[in-house]
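> Top to bottom, those sequences are chains H and U. Going by our numbering, the letters in the first sequence line up with residues 1 to 205, in that order. Going by our numbering, the letters in the second sequence line up with residues 1001 to 1228, in that order.
It is possible that some hints are incorrect.
Now the in silico label distances, taken between C-beta atoms and shown as ranges [what the hints assert, rightly or not]: (1) U:1172 with H:98: 32 to 42 angstroms; (2) U:1191 with H:189: 43 to 53 angstroms; (3) U:1036 with H:189: 23 to 33 angstroms; (4) U:1198 with H:85: 31 to 41 angstroms; (5) H:85 with U:1056: 55 to 65 angstroms.
Some chain H residues flagged as far from chain U (calculated, every beta-carbon gap over 10 angstroms) [said to hold, decoys possible]: (6) 160; (7) 192; (8) 198; (9) 203.
Calculated from the structure, these hints are not laboratory results. Just so it is clear, the structure is predicted and the values come from calculations on it, not from any experiment. Using N, Cα and C, we set each Cβ at its ideal position, and we do this for glycine too.
Residues per chain are reported as follows:
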Amino acid sequence: MNKKYFMIITLISVFLLPYSALADNFEQLRKDAAGIKTVQAVFVQKKQMKILSKPLISEGRFFYVAPNSFRWEYLKPLKSVIIFHKGETRRYLMSGGKMVEDKSGGVQAMSIVLGEVVNWMSGKFDANPSFKASLKEGANTLITLVPVGQNMAGMMEKIEIAVAKNTMAIRSVKIMESENAATLIDFSQVEINKAINDSLFRDVK
Amino acid sequence: MKTLPFLILLALLLASCRTMPVIKAPAPSTEQINSACPAPFLKEPSRFVHTIETQMAGQTRGAVIGVTVADPTTRFISCAILTAEGIVLFEAEASPALKVLRALPPFDSVDFAENMIEDIKLIFLAPAGKMLAKGALADGTAICRYREQNGNWIDVLARIPESIEINKYSAAGCLQRRIKLNRTEENIYQRIELTAKEMFDYALTMTLLEVEPIDSEWTKREAEGGGK
């Protein structure tokens, strides 16, 4: 598995996880996931590192249409788009004022890991041994995912997902990469099961 | 006949080696040289955040975010490369010993780390070597030439009307790096163009996102390992 892209997939995955992760068992997870047809949201990502005096802030948006269409898009500071649609993965970067396709081999590796995400989307968490999940109730529901195995060795220590208790809307995702580095993503304008134009998964614009 | 391929390869290597230009004017005293040399380099410790586009054979190969901390007094360097998604691909510091803190493929070779630190020094820090010549090229471009301790050469040129060039040559005089800066920008590091002459040439275009001065005490602590 390509480690470089694993966190991208993790970002996408954990966003969708809470809607079904609160169920009692995997059978219930699959049933809950079946009710999610689309998800869209905007996000602000704050990257914290020792070398940075203040977090590096990125902004973007995210679209998902069941069963397996994703668009994870950064609008600034570095414009880039990852699209997974009909089993094909593409990544685009802004260059010279236009979006150009990233042809590096790593993009193809994403197809493999996105296949895992599809499992998660379907509530098949028991099919993915990459994380051990635990749950804590509070003002928000906090889900903690700890990677197991060697796939993410050196990549991350844990992921914390905060979900609003009443609405089940995701509030934030915090990815702890190491003692000195973390990525915090705050979501807003989350909309579930609202129509999403299919062209978002075909055109990069 | 066995030597023919070698001779062809040698001829190609020689033909591909761009050598140092001839400086026309005679070198004045060191004091005079110091007073007039182009000096785009940092005067105080600073932190930069740039977008970095990589090109090979004229095609964009990728874009990342680069964070650089450089201190002109202690020559401490700290740097990181992140993807747009915030993944840290590479992180290292030199104080002056190189310490790689994180390196994911394809940034996990020792050569990459050493070259990156050297490139950052070339861009942001005044040459540490001795200035050996100053003058002008045939087209009137002002130039100062430095010899580094390892034998490499660094030319700093003020091209008319607006660019500064920093060119690094091997000890044998072959061009290895060309840095272009625009001195009419508000910050001279607003746009940095780096051309690397390697077995496979590549180019980087860096566009400034953020810059801030930093406390020299911070870099001193980091250089001493106190920030760990």
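> Where does the structure disagree with the numbered hints, that is, which hint numbers, in rising order?
2, 3, 5
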